[in-house]
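Keeping the supplied structure of chain A fixed, place chain B upon it in accordance with the hints.
Here are the chains, one letter per residue:
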Amino acid sequence: MKYIKNFYKYRFLLYEIVRKNIKLQYRDSVLGMFWTFLQPLMTTIILVIIFGNVFGRKGTDIVNYPIYLLCGRLIYEFYSQSTKRAMRSIRNSASVIKKVYVPKYIYPLSNVIANFITFVISLSVLACFIIYFYFFSAEPPHLTGYFFLFPIPIIVLLILSLGVGMILSTLEVFFKDIEYLYEVFCMLLFYLTPIFYQIKQLKIQTPIFNYILKANPLYSIAEMFRCCVLYGRMFDIYHLLYSLGFSILMLLIGVFVFYKKQDKFILHI
Amino acid sequence: MSKPAIKVEHMSMLFNLNKEKVDNLKEYFIKLVTKKLHFTEFWALKDISFTVEKGDRVGVLGFNGAGKSTLLKVISGVLKPTEGTVEVSGVIAPMLELGAGFDMNYSGKENIFLYGATMGYSRKFIEQKYDQIVEFSELKDFIDVPVKNYSSGMRARLGFAIATAVEPEILILDEVLSVGDAKFRKKSENKIRSMFEKGITVLFVSHSTEQVLSICNKAVILDHGKLIAEGSAEEICAQYEEMIKKK
Chain A
6 MKYIKNFYKY RFLLYEIVRK NIKLQYRDSV LGMFWTFLQP LMTTIILVII FGNVFGRKGT
66 DIVNYPIYLL CGRLIYEFYS QSTKRAMRSI RNSASVIKKV YVPKYIYPLS NVIANFITFV
126 ISLSVLACFI IYFYFFSAEP PHLTGYFFLF PIPIIVLLIL SLGVGMILST LEVFFKDIEY
186 LYEVFCMLLF YLTPIFYQIK QLKIQTPIFN YILKANPLYS IAEMFRCCVL YGRMFDIYHL
246 LYSLGFSILM LLIGVFVFYK KQDKFILHI
Chain B
2 MSKPAIKVEH MSMLFNLNKE KVDNLKEYFI KLVTKKLHFT EFWALKDISF TVEKGDRVGV
62 LGFNGAGKST LLKVISGVLK PTEGTVEVSG VIAPMLELGA GFDMNYSGKE NIFLYGATMG
122 YSRKFIEQKY DQIVEFSELK DFIDVPVKNY SSGMRARLGF AIATAVEPEI LILDEVLSVG
182 DAKFRKKSEN KIRSMFEKGI TVLFVSHSTE QVLSICNKAV ILDHGKLIAE GSAEEICAQY
242 EEMIKKK
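So the protein sequences, as listed, match chains A and B. Count along the first sequence starting at 1, add 5, and that's the number in our numbering. Count along the second sequence starting at 1, add 1, and that's the number in our numbering.
If you're looking for bench data, these hints aren't it; they were derived computationally from the structure. If you're wondering where the values come from, they're calculated on a predicted model, not measured in any experiment. Using N, Cα and C, we set each Cβ at its ideal position, and we do this for glycine too. Treat the hints with care, as some may be off.
[Claimed, not checked] Distance windows between CB atoms, simulated: (1) B:92 - A:219: 49 to 55 Å; (2) A:257 - B:18: 31 to 37 Å; (3) A:6 - B:184: 30 to 36 Å; (4) A:242 - B:43: 54 to 60 Å; (5) B:153 - A:266: 30 to 36 Å; (6) A:180 - B:230: 40 to 46 Å; (7) A:242 - B:78: 42 to 48 Å; (8) B:50 - A:190: 36 to 42 Å.
[Claimed, not checked] Here are the computed lysine-lysine pairs in the DSS-like style, where the Cα-Cα straight-line distance is at most 30 Å: (9) B:110 - A:14; (10) A:14 - B:192; (11) B:192 - A:7; (12) B:4 - A:10; (13) B:184 - B:199; (14) B:130 - A:103; (15) A:14 - A:25; (16) A:7 - B:81; (17) B:227 - A:10; (18) A:266 - A:7; (19) A:14 - B:55; (20) A:28 - B:110; (21) A:103 - B:227; (22) A:266 - B:110; (23) A:269 - B:8; (24) A:7 - B:149; (25) B:227 - A:14; (26) A:181 - B:149; (27) B:130 - B:187; (28) B:110 - B:4; (29) A:103 - B:246; (30) B:219 - A:103; (31) A:7 - B:219.
Just chain A, with the same shape it has in the complex (with noise of 0.2 Å):
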């Protein structure tokens, strides 16, 4: 009760903090806030050129290859954008917590909301593909009720972001390496997880690198996701329940690893 109504007046305070970084992300670039749409889409072109004729050839199960690129695309730039801006949020914020009493959580809050609202917005891109190859190509994106299901994923993967942002914010403070570590972890990341190609398409043999690859949250979420926007049929259930219990899981570590620890922040940043 005491921290409901603590959030509630500090509402403000998340609604300012989470304008500010939307705002301050695009501004004195020419372009503004055009980019949230402008930078997903060539950075798709690009992987589509690169890979289209290695994993994108007729004849895979794949309806339409830039589709599949983008939506894996969008999922992993959005999950490693927020961890990676809630991981260095209470740093960043040093300069106030360490003066003016603020609830510390706002911080790695704020940032994954605010990319969650620059992700909302280049989803639009995806829709402009959407569009674009059901009228004008060979291979439709099979449109159908199931397209309805898509938040779904996408409320997953926001769980996901927070839980783990949360950890890493936590750790950051009293290890500071781990920036570097995340760093290459997410790169490790990007390649681990299916966006430009299927785990099917890599003919492993070694099962438990297959298990491995299969073991990735972010798998199941993508998996999920492109069930609804491009193949048009229900997602395996089991996507669901492993992707949603795993990103619960790691909130509840999240908040209770931050909430241990808040009171030590001060003394280290």
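Relative to the frame of chain A, chain B by itself:
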């Protein structure tokens, strides 16, 4: 009898200082395993108890390192005390360092709302106070300029204007009455005096007994983390002067 504005009971604050410098992780682990990792315990504040009634203006005197700033940080909620309790009733405006909540890339106007939100106020409330803040800070022509281009005096003026415009019930002043030029200093002193008349509670940290005498009606002395004296401003200031002479 109304509730006291600030009630501190047996409050202590402990810091761990590293005795030996541990340079790398290997050394750290070895020391951790062999239990040779010593911390020197340092009690920045030890068993502090006092109450501040509503409308009191309390000066906090003490030499460098006596724990004045730590005390203010504990009261404003930035630090959590190791032992004891601190109860505060009313809205606190900490002025530990003016403009600490500013974002350098944000304009003055945007910073007013951000700073207000940091202090826990709503956007609507700040909108009502907006004109007053701009007028008081004398920054009308610069309000849309990013704060990174402000001079330090301009920043301090803006910070002061926001912190006082929201009409807090408890004001914490940490040697901030020296912002800006002489003209603004006069203006800010008048502003604070007008707030006294409304019955605001003040905690004021200073080295100067002169300032304490002119602002406060009560005072305390901190020495090496202990509260060694409390009473009316005149008595305590006299005692503090004595202490300075002895040093």
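Now for the hints, and whether the structure bears them out:
At roughly 53 Å, the beta-carbon separation of residue 92 of chain B and residue 219 of chain A lies within the given 49 to 55 Å, and the hint holds. For residue 257 of chain A and residue 18 of chain B, the Cβ-Cβ distance of about 34 Å falls inside the hinted range of 31 to 37 Å, so the restraint holds. For residue 6 of chain A and residue 184 of chain B, the Cβ-Cβ distance of about 48 Å falls outside the hinted range of 30 to 36 Å, so the restraint is violated. Checked against the given bound of 54 to 60 Å, the beta carbons of residue 242 of chain A and residue 43 of chain B, roughly 57 Å apart, stay inside it.
Taking 30 to 36 Å as the suggested C-beta distance range, the pair residue 153 of chain B and residue 266 of chain A conforms, at roughly 34 Å. Distance hint for residue 180 of chain A and residue 230 of chain B: a CB-CB separation of about 43 Å, consistent with the stated range 40 to 46 Å. In this structure, residue 242 of chain A and residue 78 of chain B meet the distance hint of 42 to 48 Å, their C-beta atoms being roughly 46 Å apart. Here the CB-CB span from residue 50 of chain B to residue 190 of chain A is close to 49 Å, at odds with the stated 36 to 42 Å.
Of the pairs offered as hints, the one joining residue 110 of chain B and residue 14 of chain A holds, with about 22 Å between alpha carbons and a cut-off of 30 Å not exceeded. Of the supplied pair hints, the one linking residue 14 of chain A and residue 192 of chain B holds, its CA atoms being roughly 27 Å apart against a limit of 30 Å. For the proposed pair residue 192 of chain B and residue 7 of chain A, the alpha carbon gap of about 34 Å is over 30 Å, so the pair is violated. Under the criterion of a C-alpha separation no larger than 30 Å, the hint pairing residue 4 of chain B with residue 10 of chain A is consistent with the structure, at around 21 Å.
Taking the CA atoms of residue 184 of chain B and residue 199 of chain B, the gap is near 23 Å; set against the 30 Å cutoff, the hint holds. Restraint check for residue 130 of chain B and residue 103 of chain A: satisfied, since their Cα atoms lie roughly 26 Å apart, inside the 30 Å limit. As the CA atoms of residue 14 of chain A and residue 25 of chain A are separated by approximately 19 Å, the hinted pair is consistent with the 30 Å bound. Our distance criterion of 30 Å between C-alpha atoms is met by residue 7 of chain A and residue 81 of chain B, whose separation comes to about 17 Å.
Among the hinted pairs, residue 227 of chain B with residue 10 of chain A is inconsistent with the structure: their alpha-carbon atoms are about 35 Å apart, more than 30 Å. Between residue 266 of chain A and residue 7 of chain A, the direct Cα distance comes to roughly 19 Å. Compliance with the 30 Å bound is thereby established for this hinted pair. The hinted pair formed by residue 14 of chain A and residue 55 of chain B meets the criterion: a straight-line CA distance of about 23 Å does not exceed 30 Å. At most 30 Å may separate the alpha-carbon atoms for a hinted pair to count; residue 28 of chain A and residue 110 of chain B meet this at roughly 14 Å.
For the proposed pair residue 103 of chain A and residue 227 of chain B, the alpha carbon gap of about 23 Å is at most 30 Å, so the pair holds. Pair hint residue 266 of chain A plus residue 110 of chain B does not hold up; C-alpha atoms about 34 Å apart against a cutoff of 30 Å. Under the criterion of a C-alpha separation no larger than 30 Å, the hint pairing residue 269 of chain A with residue 8 of chain B is consistent with the structure, at around 23 Å. Restraint check for residue 7 of chain A and residue 149 of chain B: the C-alpha separation of about 37 Å exceeds 30 Å, so the hint is violated.
Taking the CA atoms of residue 227 of chain B and residue 14 of chain A, the gap is about 34 Å. The hint is violated against a cut of 30 Å. Simply put, residue 181 of chain A and residue 149 of chain B have alpha-carbon atoms about 27 Å apart, close enough for the 30 Å limit, and the pair holds. Under the criterion of a C-alpha separation no larger than 30 Å, the hint pairing residue 130 of chain B with residue 187 of chain B is consistent with the structure, at around 22 Å. Between the alpha carbons of residue 110 of chain B and residue 4 of chain B the distance comes to roughly 37 Å, so the proposed pair goes past 30 Å and is violated.
Taking the CA atoms of residue 103 of chain A and residue 246 of chain B, the gap is near 34 Å; set against the 30 Å cutoff, the hint is violated. Restraint check for residue 219 of chain B and residue 103 of chain A: the C-alpha separation of about 28 Å stays at or below 30 Å, so the hint holds. Proposed proximity of residue 7 of chain A and residue 219 of chain B is contradicted: the alpha carbons are some 33 Å apart, above 30 Å.
In summary, the structure is inconsistent with hints 3, 8, 11, 17, 22, 24, 25, 28, 29 and 31 from the numbered list given earlier, while agreeing with the others.
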